[in-house]
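**Student:** Take the sequences, apply the hints, and build the full model.
Those protein sequence lines, which keep their order, are chains A and B. Per our numbering, residue 600 is the first one in the first sequence, and the count goes up by one each step. Per our numbering, residue 200 is the first one in the second sequence, and the count goes up by one each step.
Hints listed in this document are in silico derivations from the structure and should not be mistaken for laboratory results. Positions of the beta carbon are idealized from the N, C-alpha and C atoms, including for glycine. One should not assume that every hint holds.
These stretches of chain A come out as covered by chain B in the derived footprint (C-beta under 8 Å, 3 or more residues) [said to hold, decoys possible]:
| id | segment |
| --- | --- |
| 1 | 620-630 |
| 2 | 637-648 |
| 3 | 701-707 |
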Amino acid sequence: DQQVKQNSPSLSVQEGRISILNCDYTNSMFDYFLWYKKYPAEGPTFLISISSIKDKNEDGRFTVFLNKSAKHLSLHIVPSQPGDSAVYFCAASGDTDKLIFGTGTRLQVFP
Amino acid sequence: DGGITQSPKYLFRKEGQNVTLSCEQNLNHDAMYWYRQDPGQGLRLIYYSQIVNDFQKGDIAEGYSVSREKKESFPLTVTSAQKNPTAFYLCAGWTVCRNEQFFGPGTRLTVL
Numbered sequence: 600d601q602q603v604k605q606n607s608p609s610l611s612v613q614e615g616r617i618s619i620l621n622c623d624y625t626n627s628m629f630d631y632f633l634w635y636k637k638y639p640a641e642g643p644t645f646l647i648s649i650s651s652i653k654d655k656n657e658d659g660r661f662t663v664f665l666n667k668s669a670k671h672l673s674l675h676i677v678p679s680q681p682g683d684s685a686v687y688f689c690a691a692s693g694d695t696d697k698l699i700f701g702t703g704t705r706l707q708v709f710p
Numbered sequence: 200d201g202g203i204t205q206s207p208k209y210l211f212r213k214e215g216q217n218v219t220l221s222c223e224q225n226l227n228h229d230a231m232y233w234y235r236q237d238p239g240q241g242l243r244l245i246y247y248s249q250i251v252n253d254f255q256k257g258d259i260a261e262g263y264s265v266s267r268e269k270k271e272s273f274p275l276t277v278t279s280a281q282k283n284p285t286a287f288y289l290c291a292g293w294t295v296c297r298n299e300q301f302f303g304p305g306t307r308l309t310v311l
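**Tutor:** Following this line, the structure appears as structure tokens:
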């Protein structure tokens, strides 16, 4: 049973536009959420996180929104750049040190 | 230069052989993790260790073994019992101060 779901395996966005990546979760005990970016044959790198006490966290071009009632979070990238092309994973944790990862969304930003 | 080191980057083994993947860290992480990545399946947790000489199974521990004799080292052995060992393996540590997992560069294991 997939506790963290990224239902869009891929997304294509024009440079300069907004990229919106979505993530849904089922476990109401999750209280901390992270987004990672991954290039092929490399380890994921941390992008941004949000605690369940917030509904928005912003860091430069990246903003994460959390809707606890819908068990949904999204990552907004504005403006999108070609270097943003990668696979993005959302992850969630609850009362343990374990992270549960989604299956990833491949973002392609084209000129 | 600090961080999490995984070696080698690429590893080839014959079917039926055990193979050990190295993971070393100098970031003083208490907790360390092993994941495997397969196309379309995200990152799946194999084993994790929260303190030295202790470790717990993750979601897909069958066919794998680990040890944590030192805080800095968390090697993963892929045994011949693992039915589909060809994958990209990632080691991570938990940074409490930043509340995130920090990943190594990964090892791609191919079993021929």
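**Student:** If a hint holds in the structure, say so; if it doesn't, say that too.
**Tutor:** We went through each hint and held it up to the structure:
1. Coverage of the segment 620-630 of chain A by chain B is violated [criterion: at least 3 residues with CB-CB distance below 8 Å; count 0].
2. Requiring three or more residues with a Cβ within less than 8 Å of a Cβ of chain B, the coverage given for the segment 637-648 of chain A holds, as 7 such residues are present.
3. For the segment 701-707 of chain A, the stated coverage by chain B holds: 3 residues have a C-beta nearer than 8 Å to a C-beta of that chain, and at least 3 were required.
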